[in-house]
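Participant: Top to bottom, those sequences are chains L and U. Per the numbering used here, numbering through the first sequence is continuous, rising by one, with the last residue being 362. Per the numbering used here, numbering through the second sequence is continuous, rising by one, with the last residue being 362.
Some clues are possibly wrong.
Same chains, same names: a pair is fine if it fits in one copy or spans any two.
Claimed, not checked - Here are the simulated DSS-like pairs of lysine-lysine, each with C-alpha atoms no more than 27 angstroms apart in a straight line:
1. K62 / K208
2. K163 / K36
3. K141 / K328
4. K167 / K141
5. K267 / K141
6. K58 / K36
7. K62 / K163
8. K168 / K328
9. K288 / K58
10. K293 / K58
11. K200 / K229
12. K293 / K141
13. K163 / K288
14. K168 / K141
15. K58 / K229
16. K306 / K168
17. K37 / K168
18. K267 / K228
19. K200 / K57
20. K306 / K293
21. K306 / K328
22. K58 / K328
23. K57 / K288
Because the hints were derived from the structure by calculation, they are not lab data.
Protein chains: 2
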Amino acid sequence: MNIYDIAKKSGVSIATISRVINGGKNVSKKTYDKVLAVIEEEGYTPNVFARGLGLNTMETIGILVSDVADPYYAQMISYLTTKLHNLGLNVLLGCTGNSLENKNRELQMLLDKRVDAIFLAGSSQQELRGNQAIKSAAKKIPVIMVNGRINAPGIINVASNDQEAIYSSVFKLHNSGFSKPLYVFNTYTYSAHQKMAGFKKACSELGKQKAFLRENMLQLPNTLEEMSAAILKLIDADKEFDCVIGSEDMLAIAAQKALKERDLKMPVIGYNNSILAKVSSPTLTSIDNRLEELCSKAVKLFHETTTGSPSSTYVTLDCQLIERDSFRTENNTK
Amino acid sequence: MNIYDIAKKSGVSIATISRVINGGKNVSKKTYDKVLAVIEEEGYTPNVFARGLGLNTMETIGILVSDVADPYYAQMISYLTTKLHNLGLNVLLGCTGNSLENKNRELQMLLDKRVDAIFLAGSSQQELRGNQAIKSAAKKIPVIMVNGRINAPGIINVASNDQEAIYSSVFKLHNSGFSKPLYVFNTYTYSAHQKMAGFKKACSELGKQKAFLRENMLQLPNTLEEMSAAILKLIDADKEFDCVIGSEDMLAIAAQKALKERDLKMPVIGYNNSILAKVSSPTLTSIDNRLEELCSKAVKLFHETTTGSPSSTYVTLDCQLIERDSFRTENNTK
């Protein structure tokens, strides 16, 4: 039973339900009593965030996403949208691609359509550097960066702790006897930079030479076939590595394919804990960045802005390693 | 070099570029000459659809999608958005979920935001039955159904020929000696109904008893694990089937997992030709419904409405079987 069900059963709008929940201002006694009766009858507990929500002034939230075809972002949008709908808010999405120019154009379009806040789902480093348009928008309405970071007034930053997750994975592999990790990546998002920083930090602390480290990072092309081919080339060139970490599940799976083709076995770890990790063979150990909780946190902090200041403007959420057949901390020692 | 690059290089808006391309009405001689010089210098050929596009009156297109977290719909939105952006149009997305009520609410929101056309990306049967809101919208602006069908003025329908694709797959399996197909599905979209109709038609023509047919259709739950468990249950109950067709790749992969667990081998065919088909082991033979061409066709027919009547209001696009290890027409005979 949500606010829509209550509205339907009461025969009134959700705005009216909201007004009743918030004290009954501008609601007739008759309507007020009728709605309260339905609420009590159904045992409905209004979402804590819906209280105090001025539905008449805050109706439509904009979300900007760089690449909607990426299953990770598609899932992020789905979570954000559902959670915002549950607050009785409308959601408009804009798809930007990765160029700063297009992102600014889409941002302006959402502002022209008079959205009351903007979520940015994933951000490239380029966008974060040339972020004047975002900073300007944040002077007028709340801006929430999900896996991005801009320190400016009015901007809320919520990100998973990708740096720590990759950092500790390198240590886990090392402790199991695998000390020559190959790190494969293919984008330059904020998250990608965090992950790479975690990899470099761990390798450096474990006493690797910088030259060696460079050899063991490989930027992959776009399709699964091209990715596998690039890793095969590395194997055939006798590059020394004894385990693989992928910045996304798809990249780790490309490594699995290449290793299988050369009859090699070594631990492989992916990222995102997507459906691909379950489908791959062997099933893929993957870092779960707790996307749904990340989205909940982002929506919660945004919602705090509707009644005052948010309790925080920079939040990181720890990730979790989900062990499957491609690497198990206990069994998989050299 | 696209219209944006030309606009940037000329130092004018894309609306001005459009006016120049369309004959130069309301453009100063100086601007007209400058833009034409840039167009000639860059060897720019305007997209045929961008000709005659009244950018001042047709600026923002709305897309409604039921489930953005579904990779198939996410990819569909990505294609539609890119193609509409290439015409110099803005795109706003609304996520509806599957209930008719929510879809109508999101439709109204897009109309309130004054979109100039609406694309519906995937439609449930329920929506198609209770489609009064869509029909009303179509009286004011073009409505384009992508994998949906409503016969009413102002509505353009573009769909892949899912019925024929499943129908001919059953025949292909039959011709290879596999005559007891199990069909697994889990949604009730327009496409799902088409696929099921194709399965029933083929089985009926191949002389199957209705009772037998019913036993060989199984509606699956939502997660990969639950899907596999449901198919395992069927295997353990000695239900007779010798090949599997899934209405989506994920469902076919669930069948592969269940079969592997019982050491059974039989042909499996999926649908959508998604990345999952390449990642699964054995790699999955899958029906490619040519999503990008479908989206191109939808955008093309929509665009024809900006200058007159569309050349067709009901188009179907044939699918293609992409053979991989899970079933090859030639090798895989009984």
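Participant: Compare the structure with each hint and give your call.
Facilitator: Against the structure, the hints come out as follows:
1. K62 / K208: neither (68 angstroms within a copy, 57 angstroms between copies)
2. K163 / K36: So K163 and K36 pass the 27 angstroms test across copies only (23 angstroms; inside, 40 angstroms).
3. K141 / K328: Classified as both: same-chain Cα gap 23 angstroms, cross-chain 26 angstroms, threshold 27 angstroms.
4. K167 / K141: both (17 angstroms within a copy, 23 angstroms between copies)
5. K267 / K141: neither (53 angstroms within a copy, 56 angstroms between copies)
6. K58 / K36: within (16 angstroms within a copy, 59 angstroms between copies)
7. K62 / K163: neither (45 angstroms within a copy, 34 angstroms between copies)
8. K168 / K328: Answer is within: at 19 angstroms inside a copy they meet the 27 angstroms cutoff, but 38 angstroms across does not.
9. K288 / K58: For K288 and K58, neither the intra-copy (71 angstroms) nor the inter-copy (63 angstroms) Cα distance is at most 27 angstroms.
10. K293 / K58: neither (72 angstroms within a copy, 67 angstroms between copies)
11. K200 / K229: Only inside one copy: K200 and K229 sit 14 angstroms apart there, 55 angstroms across copies, limit 27 angstroms.
12. K293 / K141: Intra 54 angstroms, inter 55 angstroms, cutoff 27 angstroms: neither.
13. K163 / K288: neither (48 angstroms within a copy, 54 angstroms between copies)
14. K168 / K141: both (14 angstroms within a copy, 20 angstroms between copies)
15. K58 / K229: This pair counts as neither: shortest intra-copy Cα distance 65 angstroms, inter-copy 57 angstroms.
16. K306 / K168: neither (43 angstroms within a copy, 46 angstroms between copies)
17. K37 / K168: neither (37 angstroms within a copy, 31 angstroms between copies)
18. K267 / K228: Answer is within: at 18 angstroms inside a copy they meet the 27 angstroms cutoff, but 54 angstroms across does not.
19. K200 / K57: neither (64 angstroms within a copy, 68 angstroms between copies)
20. K306 / K293: both (18 angstroms within a copy, 20 angstroms between copies)
21. K306 / K328: neither (30 angstroms within a copy, 38 angstroms between copies)
22. K58 / K328: neither (33 angstroms within a copy, 53 angstroms between copies)
23. K57 / K288: Neither. Shortest intra-copy (72 angstroms) and inter-copy (64 angstroms) distances fail the 27 angstroms Cα cut-off.
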